[in-house]
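Dock chain B against the given chain A, drawing on the hints supplied.
Line order of the protein sequences matches chains A and B.
Counting in the working numbering, the first sequence runs from 93 upward without gaps.
Counting in the working numbering, the second sequence runs from 93 upward without gaps.
No lab work stands behind these hints, which were simulated from the structure alone.
Keep in mind the model is a prediction, meaning the values are calculated, not measured.
For glycine and all other residues, C-beta sits at the position ideal for the given N, C-alpha and C.
Keep in mind that a hint or two might mislead.
Which bits of chain A does chain B cover? Going by a derived footprint, with three or more residues having C-beta under 8 Å, they are [said to hold, decoys possible]:
1) 100 to 113
2) 173 to 182
Every beta carbon over 10 Å from chain A, so not counted as near; a handful from chain B, in silico [to be verified]:
3) Gly111
4) Ile132
5) Lys138
6) Glu176
7) Pro182
8) Asp193
The primary structure of each chain is shown beneath.
There are 2 protein chains.
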Amino acid sequence: MKLKAVQDYYPEELSYCYGCGKLNEHGHQIKSFWDGEETIARFTPKEYHTAIPGYVYGGLIASLIDCHGTGTAALASYRAADREPGTQPPFRFVTASLQVDYLKPTPLTAELELRGKIVEIKGRKVVSEITVSANGEITARGKVVAVQVPENFIKNTINE
Amino acid sequence: MKLKAVQDYYPEELSYCYGCGKLNEHGHQIKSFWDGEETIARFTPKEYHTAIPGYVYGGLIASLIDCHGTGTAALASYRAADREPGTQPPFRFVTASLQVDYLKPTPLTAELELRGKIVEIKGRKVVSEITVSANGEITARGKVVAVQVPENFIKNTINE
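For reference, chain A alone in the conformation it holds in the complex (with noise of 0.2 Å):
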């Protein structure tokens, strides 16, 4: 049986998302898993998702993060609540702010590996600190702060 991604039990109508949605056909699908006190998500970027020729464009390191982040809170969430994803209600999470450190260019031939760390969960807030590395370098640094979607909003916007 494969291993399922906290992603994979968001609610079908919040699983578009373009980095993270399981139904976004366009989008990057990541997925988020834990992996003991750390999560972790991997993802290969495309040929043209580059910058300067060789390396990745910032912009994907920082979506990479920041979908990464609101994994890492919704797993986060579950733990904290002693819940398996999947069970009700669900956690899902968007980004109240990002931090990104590039520390050196991301080279664009190798599969990038995210690791979180949780930092703080303090009532709907989850802050999180997130790794990109390529092999096995760390070239990128991120702190996501994110905030679990209000039900309500989640309501009003589908029946919208």
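Structure of chain B alone, referenced to chain A:
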């Protein structure tokens, strides 16, 4: 005569960025111009650039801020040097760090307007503040620290 954006003056070998390269057919090809003391760029998201249904995903907003920030840095450097874009040597920047605050959901239905203000020019570093507006309302605010690409880095990369 159509006004050229600063990205139209980037050297050909540095015009493949997914966010702003005029030669990246898959990319966003954003164009940054002066508008008085501010810089401006416009972008209309595609339907699939969604987060929560009806709203733009944060990674796109981060990408647009990032590339308009490096474009703003190039524009500011030409102006500071009292040179026109297109004169040699070219100014081309990459992002050292990026901060984005998502103030409210950005509707997917509208053309987005990005406005940049120069905060600091110091040596090879340019700091700018960028806002993102939809329907005349600011929905996100960013800060970009851009650093000029070293000329030897470009030569080494292109000749690899």
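Structure versus earlier hints - violations, ascending order: 2, 3, 5 and 8
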